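Student: The residues making up each chain are set out below.
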Amino acid sequence: MATTAAGAQVGRSLPRIEAREKVTGRAEYTHIMQVPGMLHARIFRSTVAHGRIKAVDVSAARQLPGVFAVYTSEDVRKVIPDPYYGPAFHDQPILAIDKVHFVGEPVAVVLASDPHVAEQAVQQIAADYEELPAVFDEVEAAENKIVVHDELKPAGTFADLKHLKGRKGTNIALDFRLRRGDVDKAFASAARVFEHTFRTQKVLHLALEPFASIADYRDDGVTIHSSAQGPSFVRTEIARLLGWPENRVRVKVPYLGGGYGGKLYIKMEALAVALSMLARRPVKVALSMEEQFYTITKHPSTFRIKSGVDKDGRIIARKCEIWWNGGAYADIGPRVTQKSGFTAAGPYDIDNVSIDSYALYTNLTPAGALRGFGIPQLVWAYESHTDMIARALKRDALDFRKLNLLREGRPQATGTILKDAAIEKVLDCIADRLHWKAPFDRGSGTIRRGRGLAVALKAVISPTTSVAIVNISADGSTTLYCGTVDMGQGSDTAMAQMVGEVLNVPAETVRVVPRDTDITPYDMGTLGSRSLFHMGHAVRLAAEDARARIAALRREVGEAEGSNTPLVDLFRKRYGMQAGNIVGTGTYKPDYIPPDSEGLTTNATPFWMVAGSGVEIEVDTETGQVRITRLINVADVGRPINPRIVETQLSGASLMQIGFSMFEKMQIDGGQVTNASLADYKIPGIHDVPPIIENEVVDAYQSNGPFGAKASANLPHSGCRLRLPMQSTTRSACA
Amino acid sequence: MTPFELAEPASLKEAIALIDPDDPDVRPIAGGTALMLMMKAGVFRPRRLVSLRKLGAGFAQITATRDGGLTIGALTPLSMLEHSAEVARHAPVIVRTMRRLSNTRVRNVATVGGALAHADPHMDLPPVLIALGATIKISGPSGERAMPVEDLLTGYYETALARNELITGLRIPPQGTARAVYYKVTAGSADDWPALGVAAAIDSDRGTVKSARIVVSAATVKAMRLKSAESVLIGGKPDDKTISSLADAAVKEADVMADLRGSASYKRELLRVYVARAVRAAMQEVA
Amino acid sequence: MAARTINFTLNGRAVTADVKPQHNVVEMLQTQFALTGARESCGQGLCGCCTVLVDGKPVSGCLYLAVFLEGTDVVTVEHLAGPEALDPVQQAFIEAGAFQCGFCTPGFVLMTKSLIGQHPDPSDEQIRDYLSGNLCRCAGYPEIVNAVKMAARKVKAGTTG
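Top to bottom, those sequences are chains A, B and C.
Quick note: the first sequence uses this note's numbering, first residue 11, plus one each step.
Quick note: the second sequence uses this note's numbering, first residue 6, plus one each step.
Quick note: the third sequence uses this note's numbering, first residue 1180, plus one each step.
Note that these hints are calculated values from the structure, not bench results.
Keep in mind it's a predicted model, so treat the numbers as computed, not measured.
Among these hints, one or two may not hold up.
[Stated by the list, open to error] In silico lysine to aspartate or glutamate, EDC-like type, Cα no more than 16 Å apart, as pairs:
no. : chain 1 : residue 1 : chain 2 : residue 2
1   : B       : K59       : C       : E1263
2   : C       : K1199     : B       : E13
3   : C       : K1199     : B       : E10
4   : A       : K675      : B       : D264
5   : A       : K163      : A       : D92
6   : C       : K1199     : A       : D124
7   : C       : K1236     : B       : E87
Chain A extracted, bound-state conformation (with noise of 0.2 Å):
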């Protein structure tokens, strides 16, 4: 599929291209950003998990000088009638309206020109609450005695997902189940059974750009700037909330100051917009680090996972059931646990899999997407079952993977056939480089020492779409024109390198305009590790479409085949003067086919991510405070366009993972998050690095990939692996 020869720009590790706007304080974020004569938007939110809006008492704040206004949902549904909105349901509404799902939610918005007033206009709100029982618990919920929804409403955009329209009396929003072989007989006939249980806590994104959303609505169209990782959805959804076509909605992204999957979908957009419609001025809706804990989360999750192992030691059969804990609005939840489910057995050859992977509501924060799609709870509870059983085997935990793992060409559990998936390199280069069959020093006295290794598969989001445009200007100067938001994955300068790998021109002379739905073409959304290969390949399709028109264009002026003569040349020869442009266009879709009622597909994805960890880790064993003593990460991300931001990528995702798996957790009494802040919910900081981290990318080639590469700039989840390692060694060592 690759037709580019590879070139010169491909392999480049070209310092991002925007740095310059960063190292100066230059570059633009919604958070930061001013529209002249906006108000400012302060958030009154509920105190109550789950109950019944008796009063909400709005006249203090109304009163306070200063105070443009105070909006409650009566308020919005005079500008939009059905406020809700969602990805998968259309569940959330833009303020509480009768009921609030969880603590935290929106209830009522105060408008002011000094934030301050707003502000204080806030605390003089007072509402009154019914309270209902709330559940929490994502096992509780599948049991549906309290139940958070009266109606589910799906939003009808996945056909998976229109069987549960209209339900009542559930919390689940989707069930996926996948069946291959006979897992009962399997188990049957196994050797030995294993069955463990693994629960993850609720941890969030924490960007260090918090949400921000600012709507300039006029009566033939609304502008919004936002922090969003996907422009083209927002405005389908905007639009749908108005009831206006597409084009009337104009969404614009700015560089964001993180993502991590948080500012997927729609967030604050569209009570931007409502607030805008009400007070017919620009609004801004910044949030604090505090309210970013009422916003989305990473799903907390149940997984019960059990194996059947014949006398040789392989895995002959593997149930999971996995409980994901969505909070009070699906978001994207449902996807979780979909696309989660097709890789919940891991990276083994099993022949007897069943999967049920459920959805869950219950009446927390929302959760979303965090680095993985729901891949890193699912890797840290099979990777640390696998060491469990391995150890109960007595078999070495190398040996043991090496023994069961899933290699090119054998069906996954979906039945859709590896390819191009280096899980065995990127195995084997971790064991290597901790020297796993060497002696190992496991330390003395009160500092113990022990070490792990994990490996893992994802299957990317399918199928889906991304467009690009390149367009050449009169000069020959180039420009790109596409969806993808470099939230500092540095996705302009790899799109950028693409288009200079095609064109012959150097990257870092190609323009990346900013995200705007006016001008840069769909794209379905910067998630999952899609954007490399998706846009990648949109991008590669445009600039080969503006290089055939380029030498149709040396044609038509009758240059010779093979000629030089500068662009600049061919534009004056064909119009007289520096006048025209030359534009290609590119559009990707990869095939894919939906899993059918038994979860089976020959095409679950377009390509197959794979990563693996290795730490070792110091224990004192007098106080049980652990250290990461060296950290290992390796992938498989085909051929990198950029090997440094691929190591940087690595190297920051791992770390980002080390608060996962060491200490960062949202800590939660009666539904009210009590450690909403940095200071009592600590992220990792230059203290907490290893002091030794090495970074491999395996040899590797992704055929049906632009120029060989998959998710290059963007295989965060890598780190994730080191919640095993951490486990299992924390027990080894400490044994």
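Let chain A serve as the given structure and place chains B and C on it in line with the hints.
Tutor: Okay, now just chains B and C, sitting in the frame of chain A:
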């Protein structure tokens, strides 16, 4: 933050007069790093703040006294302590503590007086100062008084100060041959607030302990001495058995509280381990 | 509460600003001077995104009342680059690839500038201690440590050569 009024008096007397002892919504502000946090969180919504910043450089000085002690003005920023040659000479434990006390920017602004008056039990400086036997000077409408730091702290964010009393200075007595250590124990990230703080200042003569001040913080409602643990040590030549019974005494004496950073039982174990480590380290330094 | 006028030096120029007691340095810089390099994130002085230099010392702009700037000399990240060249610290951050999303970068750059002023040849430990109050959620810490060392070398080469 909600709007408030700011007064910037130029004299101590004026400052004290501007603080209404009956109005909890009027407070003094110096560096403001801790107070701003409370204001931003909405925990404290002042009507008026009385800035102490214009009281003059005289309150931001470090002086070595002839007897080998130190006097430190209440408005001295923590970074001045961190970089002071006098502090390094007379109380090196303070300089070492600064490395992990909040961060560079906060230390550039936060003041010694503020770190004491705030009375957050998680702060690092109070246990160290108690171990060093420091006293503070206080000014109020009726004049001046002095008080040991250990008496200043009366509870969780509570002090013995009247609302219109201000800390004006600190005195650290000469340490002689005594040596002090401070352990900040974090249970989560390396730079978290401590789950436990332990300070120990010990003087010994050829292995026999002459004096010992052992202080616990963060795990208790306030930084406080563990006198029963001290008494196990004083007058003897501590061996493993002594240190083990000292740790037992410390755990028995300290009223340990659970919080986000650990259960009470876990923190008691931390205390048992770290009070022993602190005493050993201090003993080693003296020797 | 009434606004008051304060006088101070901002990035080398004498300026005045009208501020109310509740305004912090970050919002004053953003609303009155259109300087957005210092930005508020955690709001608690823990992440360092709001770093500015006041009388040569880094402080957290989100915890610093604007009225307290009266008579001071304030430097923001926008002042570091000259018309032709970036500051060696900025150049080093680019060459070392020491950022991803870039939101925390101005804070790290200013802290590094200040650190190198105090310790022209900082050790790894000094770097980590000095920067421990700056957070990077993309976790580019190893690259940041490299950038600081590279910056120190660049500054040294610049002053001696």
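Student: Decide, hint by hint, whether the structure agrees.
Tutor: Tested hints:
1. B:K59 <-> C:E1263: violated (41 Å)
2. C:K1199 <-> B:E13: Holds, at about 14 Å.
3. C:K1199 <-> B:E10: holds (9 Å)
4. A:K675 <-> B:D264: With Cα atoms ~14 Å apart, A:K675 and B:D264 stay inside 16 Å; holds.
5. A:K163 <-> A:D92: Status holds; Cα separation ~12 Å.
6. C:K1199 <-> A:D124: holds (11 Å)
7. C:K1236 <-> B:E87: Holds: C:K1236 and B:E87 sit about 14 Å apart, inside 16 Å.
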